[in-house]
Amino acid sequence: MPRSPLSRRSGVARLLIVGGSGRLGSMMRRAWPLAGAGVVPIWQARRQSDFAGLGGPDVVFDPLAAPEAFQAAAQGADAVLMLAAPMPGGAADWAQGTDLALAAVAAAAGRPVFVASSAAVYGAPTGPAPFGEDDPPVPVSDYGRAKAAMEAALADHPGVTVLRIGNVAGADALLGFAPEGVPRRLHILSDGIGPRRSYIGPQALVRALARGVRLSVFAEQAKLPARLNLALPGVVPMEALLRAAGADWVAEPAPDSVIPRVELDVTRAIALGLVPEDPASAARIVADLRALEGTA
Numbered sequence: 025m026p027r028s029p030l031s032r033r034s035g036v037a038r039l040l041i042v043g044g045s046g047r048l049g050s051m052m053r054r055a056w057p058l059a060g061a062g063v064v065p066i067w068q069a070r071r072q073s074d075f076a077g078l079g080g081p082d083v084v085f086d087p088l089a090a091p092e093a094f095q096a097a098a099q100g101a102d103a104v105l106m107l108a109a110p111m112p113g114g115a116a117d118w119a120q121g122t123d124l125a126l127a128a129v130a131a132a133a134g135r136p137v138f139v140a141s142s143a144a145v146y147g148a149p150t151g152p153a154p155f156g157e158d159d160p161p162v163p164v165s166d167y168g169r170a171k172a173a174m175e176a177a178l179a180d181h182p183g184v185t186v187l188r189i190g191n192v193a194g195a196d197a198l199l200g201f202a203p204e205g206v207p208r209r210l211h212i213l214s215d216g217i218g219p220r221r222s223y224i225g226p227q228a229l230v231r232a233l234a235r236g237v238r239l240s241v242f243a244e245q246a247k248l249p250a251r252l253n254l255a256l257p258g259v260v261p262m263e264a265l266l267r268a269a270g271a272d273w274v275a276e277p278a279p280d281s282v283i284p285r286v287e288l289d290v291t292r293a294i295a296l297g298l299v300p301e302d303p304a305s306a307a308r309i310v311a312d313l314r315a316l317e318g319t320a
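If you're matching positions, the sequence shown starts at 25 in the working numbering and goes up one per residue.
All clues given are correct.
Computed spacing ranges between beta-carbons, pair by pair: (1) K247 with A307: 32 to 38 Å; (2) R285 with A177: 27 to 33 Å; (3) A119 with V162: 17 to 23 Å; (4) E276 with S165: 18 to 24 Å; (5) G156 with S73: 39 to 45 Å.
Dumping the calculated EDC-like pairs for lysine to aspartate or glutamate here, alpha-carbon to alpha-carbon at most 20 Å: (6) K247 with D158; (7) K247 with D180; (8) K247 with E157.
Hints in this document: simulated from the structure, not taken from any laboratory. Just so you know, even glycine gets a beta-carbon here, dropped at the ideal spot from N, CA and C.
Please put together the full structure from these sequences, using the hints given.
Right under this line is the structure:
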């Protein structure tokens, strides 16, 4: 794996983050100085204005239209993280997610590649056990099917780790932006509580990514798996997060399409030291998110 003399001397890895100007990427950018020790991020955007208010991108190029620029940027890094995803639309738009992932593999030229996927690839559970990385994907949404197709296209490429990320606090609709004075609406299930999900805060996500990158770059014997669930252990009821955040919300009956529980088995992530063993708590997740206030 190509590694620069600078990285070998400093013990600090450089990570090219493609698509870092979206909601998740912007949160990660604010969290990186707090939690990304040992990894220097190189932020990519398609336009200089995409990072307005966040200091601007480090490199500007279109990852699909400018492969030479993509490769040049990757040569200045030790690893590549593909966060970019197509805007929701028809099947052709969703398929661009696969194109972006394969473009990252080509540009990396043997460097480790991390590609953001989603718990949506698993679909609905058929029993009480959490979803493990070896469970077959059975997605029930267009988004989940697109992510599953992307993962399938990457299956034969060594050095790629697909990150099946749980709900990220603040990047989802639950704790993300809401118009002032408008209460959030939460589906409540027949058991009297809201949907339960595997969650992770933005700082915890950045810490996990930074450790994964350092392992892939510096730990010669640490071979990261091709698929990796990434969340805090256990599940959190969504109303617990709203209460911890002090948010105004109203309950409404959940339609039949709502999946009651999506829990990720994060045994692999714990073993690699990416996330702690302690079960997730709403209070800690909200505190993680709140720490970013004022960092924009």
